[in-house]
Structures are given as structure tokens and as C-alpha cells.
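2 protein chains.
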Amino acid sequence: MLIPFSTLKQELKRVLVKTGMNEDRTDLCSEIFAGNSRDGVYSHGLNRFPQFIKSVDDGLINVNAEPVVVGTKGSIERWDGQLAPGIYTATKAVGRAADMAIENGIGLVAVRNTNHWMRGGTYGWQAADKGCIAICGTNSIANMPPWGGKDATLGNNPLVIAVPRTEGHLVLDMAMSQYSYGKLNEHHLAGKKLAHAGGYDENGNLSDDPYAIMHSKRTLPVGLWKGSALSLMMDVLASVLSEGKTVSGITSTGKEFAVSQFFICIVPESVNQKIIDEIVSYAKSSAVIDENSSVRYPGESTLRRRNKSLSEGVYVNEKIWEEVKGL
Amino acid sequence: MLIPFSTLKQELKRVLVKTGMNEDRTDLCSEIFAGNSRDGVYSHGLNRFPQFIKSVDDGLINVNAEPVVVGTKGSIERWDGQLAPGIYTATKAVGRAADMAIENGIGLVAVRNTNHWMRGGTYGWQAADKGCIAICGTNSIANMPPWGGKDATLGNNPLVIAVPRTEGHLVLDMAMSQYSYGKLNEHHLAGKKLAHAGGYDENGNLSDDPYAIMHSKRTLPVGLWKGSALSLMMDVLASVLSEGKTVSGITSTGKEFAVSQFFICIVPESVNQKIIDEIVSYAKSSAVIDENSSVRYPGESTLRRRNKSLSEGVYVNEKIWEEVKGL
Chain X
122 MLIPFSTLKQ
132 ELKRVLVKTG
142 MNEDRTDLCS
152 EIFAGNSRDG
162 VYSHGLNRFP
172 QFIKSVDDGL
182 INVNAEPVVV
192 GTKGSIERWD
202 GQLAPGIYTA
212 TKAVGRAADM
222 AIENGIGLVA
232 VRNTNHWMRG
242 GTYGWQAADK
252 GCIAICGTNS
262 IANMPPWGGK
272 DATLGNNPLV
282 IAVPRTEGHL
292 VLDMAMSQYS
302 YGKLNEHHLA
312 GKKLAHAGGY
322 DENGNLSDDP
332 YAIMHSKRTL
342 PVGLWKGSAL
352 SLMMDVLASV
362 LSEGKTVSGI
372 TSTGKEFAVS
382 QFFICIVPES
392 VNQKIIDEIV
402 SYAKSSAVID
412 ENSSVRYPGE
422 STLRRRNKSL
432 SEGVYVNEKI
442 WEEVKGL
Chain B
122 MLIPFSTLKQ
132 ELKRVLVKTG
142 MNEDRTDLCS
152 EIFAGNSRDG
162 VYSHGLNRFP
172 QFIKSVDDGL
182 INVNAEPVVV
192 GTKGSIERWD
202 GQLAPGIYTA
212 TKAVGRAADM
222 AIENGIGLVA
232 VRNTNHWMRG
242 GTYGWQAADK
252 GCIAICGTNS
262 IANMPPWGGK
272 DATLGNNPLV
282 IAVPRTEGHL
292 VLDMAMSQYS
302 YGKLNEHHLA
312 GKKLAHAGGY
322 DENGNLSDDP
332 YAIMHSKRTL
342 PVGLWKGSAL
352 SLMMDVLASV
362 LSEGKTVSGI
372 TSTGKEFAVS
382 QFFICIVPES
392 VNQKIIDEIV
402 SYAKSSAVID
412 ENSSVRYPGE
422 STLRRRNKSL
432 SEGVYVNEKI
442 WEEVKGL
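First to last, the protein sequences are chains X and B.
Residue numbering for the first sequence follows this note's numbering, beginning at 122 and increasing consecutively.
Residue numbering for the second sequence follows this note's numbering, beginning at 122 and increasing consecutively.
Just so you know, the hints here were simulated from the structure itself, not pulled from any lab data.
Positions of the beta carbon are idealized from the N, C-alpha and C atoms, including for glycine.
Hints are supplied without guarantee of correctness; some may be wrong.
Selected chain B positions facing chain X (in silico; Cβ < 8 Å) [stated by the list, open to error]:
#1 D330
#2 S360
#3 Y403
#4 S407
Given the sequences, and given the hints that come with them, work out the whole structure.
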């Protein structure tokens, strides 16, 4: 069903207030959770909200904790997230990296002991709104086997790259598995198969069944050996830069909390819009494979969905919406 | 056949001297070309050398040109490569980014009008040798269709991520096509099929025939739509940061020269080796798929091949070796 964005945000805020979260944070967190659904990333919007509340109840998230700076070096800051809500800390961290970049061209904030940032793209959009180029990453609980292996010893460790653009920012938000667990679950909830093989079933056969893959935990890395390697490097970047927990350390607790993240912002002398438009229009000049295909730039679908959600209402899964209303 | 590293380097240097290249550059360039073959990246070592010489003869590479700084902002420098050899300029640029990072935690050099850097990993190894974390990228001529399209309007735009490690650096060097053109050509020269589908043939069918894919120019992006998007973003980063040519601009000349690159170096307060080792050993703790499989960290095979080449000799394709000896 479709509901107004303001209704969705208000309802999420109501629940957040009940956790004892400070007013300003309830506003930010409900805005971002609702915004993720508004932008079509349901897996990390409303659908993920009950799990967030459960994590608060379980003591994994300290709703009013304040991240602290634990180290600095030039245009680098290292923070301890103090297990505050990941959304809050990521917003603050990318904001600080943006300020350093505005001042000095480039800035980096790395955060240990933070929590799930939900949709990584959120912080790409935030940075781009401030005129910054951004490169951000996080690690996660182990949920993907490395190339050549069958046990999940890598995270899907999303990478975000954003570039500000007048006609709509370019924002890449990619997990290192071909399908994120959020996307797998979204297909599962909708009773849909995947369009491409997304991992292996219990018997080691490639599968397009989201449930079978979630069950085996054998997701397929993006680009086979390449995404496996990139995932490992994302874990190294996030953990080394923040001196925080690795995928191994997170996984050993059995729960996905106290993760590590980094946020690089860049503000060059200028962000030449003609250069970006040339790249986008050249990519789009390719003949399409068939009449059902289109060539899109990263962020294009997001913006289209956002505009549609704002004019027609945000899609919510009725079952989860009812669950949240009961919280 | 196997030849000593010093013999390979010496022979390449002899040919470079004949182009009129200054002594110090002939030493650097022959070291890196020979080093690429030594490290097992034959496609961008000896195998690519004749093409480099042809590009010099064609006036696309100015052997003794010196890159110039055209813009600065805080810890960012923007250079014009003046069409100097890409190997020379990339070495100098990553060195400057490293110096800025040592000084200020993080530094970025973006270069327009530079030339092919051959193996991107080279600059990751260089940065890591200086104790720097590095994130580097380049664009290229269009050689890959975007997801949904069939004309090549994206480059394979390699991404390099390197992290210094006592027992052997972690260095990821990935082109955005599942197989780089270098790798396709290497398989073609060896008369081998690819282990996985690497693109489409002329009829639009997925193929493991390297020649058919090189001919159709329809390489498969890493992770399908994800690598397509990442490739586009790499072009945006390289072109916007350097204010240089895009994939479109490079392709319009019909020749791959005057490309755009960026080099980010990071020197945090410390690079905790225990964190890196924890990540590597956890990844390797996965049970392997079968007895022919292994789990490796990015850079592991490179280091093994390097050591083997140095003790037993560097593999050279005899035909190309004879060709180079005749130059």
C-alpha cells in the first residue's frame, strides 16, 4: 500500500520517541528510515525498522550515546561511535569529513564501534548535497564466502561513491555480494525469484532462490573473485582506518553491531557538470539490448522513485507497517 | 621461456634509450615493464611493450615531457601529464600523494593528459612500500557496454586499493570488466578459453572465447549492473578530479592516450598489522570448495609469482621477446 511520506516518518518517530531517544535524533532517524523507503530501498527503510528497535531493546544500540574523537592526524579523524545509532553517527561523520574537505580539499573520518548505517547511499546523497564527492565504506557480519571457499568469512561490506550533480547526484551504493541480504529478503517477501544467480543453495549449486541463498549463506560475490577481493579490502580499509572490529570480530559476537566505517569527502576546485553530463550521455548513447532494457546512471532510479513516492505515496509492506504501528 | 629479470630489464632499457628517453626514465620504465612481467602481469609487461614503443613512434607519448601542476587546494593537486609516459607520471603522482599523506594524513593527486599506467597495481605496491594506504583509478578507451546496452560506451577503468603489510602488501588491482583486455589477449595468445563467461560474442550470446569477446567489444562488467555502475563512477572520479578527458573524449580520438587518473594516499596514525592479519586469516579459515581451490588475499599470487620469477627466471612469450629484441 502507499502512504504519505510524512505519515511514515511520523509513525517511525513515534516509536523512536518511546525508546527514549532525544528529540533531534528521532527526527533525523525517522527522516532517514522513511527516506530509504521513499527512495525505493525498502530493505533498509521500513522493513529494517523493527530490527533496529529490537537491537535497541537488546542493548546493542545506545540511542543517546555520542561518538567521540579518539585520534587525529591532519585531515583524518578517528572516532569511537560508542554504539550510538549508526544513522546518527554516519550522518555526523560524513558531515565532519565534508567540513574538512571544504577546508582542505579532502577529509577522512573513520569510526569504530558504530552501528549499521542502514542504506549507505544516504551518506552519499548527504555529501553530494553539500557539494562533496564522497567515498564511504563499512564492514558487516560475515555473510559471503570468499572466492574458492564455501564458508561465509567475508562481509558484503558496501561501498558508496557519490558525485554532486545539478540534475541529480550520481550515487553508487553497492554491497559486494551480487544481491545484498536486504535485496534477497525483499525478493523473498515478495515471493520473487532473482533475475540472475545470486549464490549457492545447500547443495553447492548456483541458485536464483533468495531463501535458499539466505539459508546457505553462500552469496555470490560481485564479479566472482574480484568482488571477493574487493570485499576483503573494504574490511581492511574500514577496520584499519578506524582501528575497529573486523568482519571476523563482528561475527564472533554472533550479532551485527560495533561495526567499522570510513567516510572520505573531496571538494576539488570545481565539479565540472559538463564532464559529468558528457559521461552520462555517452553511456546512454549505447543501443539497448532489447526494448525492455535501459541504460541508467547510478542514482537515476533512486531519484525517479523518490519523486514518485513523494507525489503518489511511499510503498510500504502492509504486514511490516502493521507491525510497526503496534510497536 | 624463462629469462633473468636483469636480462629482461636491460633489453627493454636498450629499446627505450633508442627512443631518446632520458637515462633516469629508461631505468624506471624498464624496471616497471620488466617488473610487471616478473609479477605475472604479462599483459602489461613485456606483452604490452611493443605497443608502448609504437605509441611513442606515433607521437602519442612524449618520452621526456614533464607533468605540471595546474591547480592546488589544500591536500589536493591537479596535474597535466603533458602526455609523458604514464608509468613515469603515475609513479611521480602517487609519490606526491604519499608525501602529502605523510604530512597531512591524506593526499590526492589527479592527472589529466597522462598515458596508460600499464599495471595499476604497480602504484599500489609503490604506495604500500612507503607505508601508505592507496586508492587509485584511471579511465580508458571505451571497451565495455553499460548494463542494458550493447555498444561499448564504458571503459574498464581499473581500481587499485593497496594496504601496507609486513608479510606482503595487500594490493587489489581490478578492471571493471570480468576479464581485462590484457587478460583476454593473454588467454588468446595461449590458445586458452576463459574459465567463466567473460562477455558476449557477435550474436549476443555469453561466451568464454577471448577472441570472440575482443572482437565484439562486449565484455561483461564485474557483477553485471554493479560493475557497470562502478566503471561509470570511476570515469567520473578520474575526469572530474583531473578536469581531464572522459572515456567518451578518449574514445572519440580513436586512440587510447591522454587519459585521466587519480591517486589518493592515506597515512593513518598507525596501520595495525594484527587487524590485517586477522582479516586475512579469517578469510582463509573458510573450507575450500574442492581440492583445487584456495582462498587468497589480493596480492598473494603476485608476491608468490614475483619470488618465483626472481629465483627461476621471468616467463616471456618467445614471439614477443624476439620482436622486442628486433626493435
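task: Hold the hint about D330(B) up to the distance rule: shortest CB distance to chain X must be less than 8 Å.
output: violated (18 Å)
field: Interface restraint verdict for Y403(B) against chain X (beta-carbon cut-off 8 Å)
entry: holds (4 Å)
Residue hint S407(B), partner chain X, criterion CB-CB below 8 Å: holds (3 Å)
Minimum beta-carbon distance criterion (8 Å), S360(B) to chain X: With a closest approach of 5 Å, the S360(B) hint holds.
Figure legend: structure checked against the earlier numbered hints; the only hint not met is number 1.
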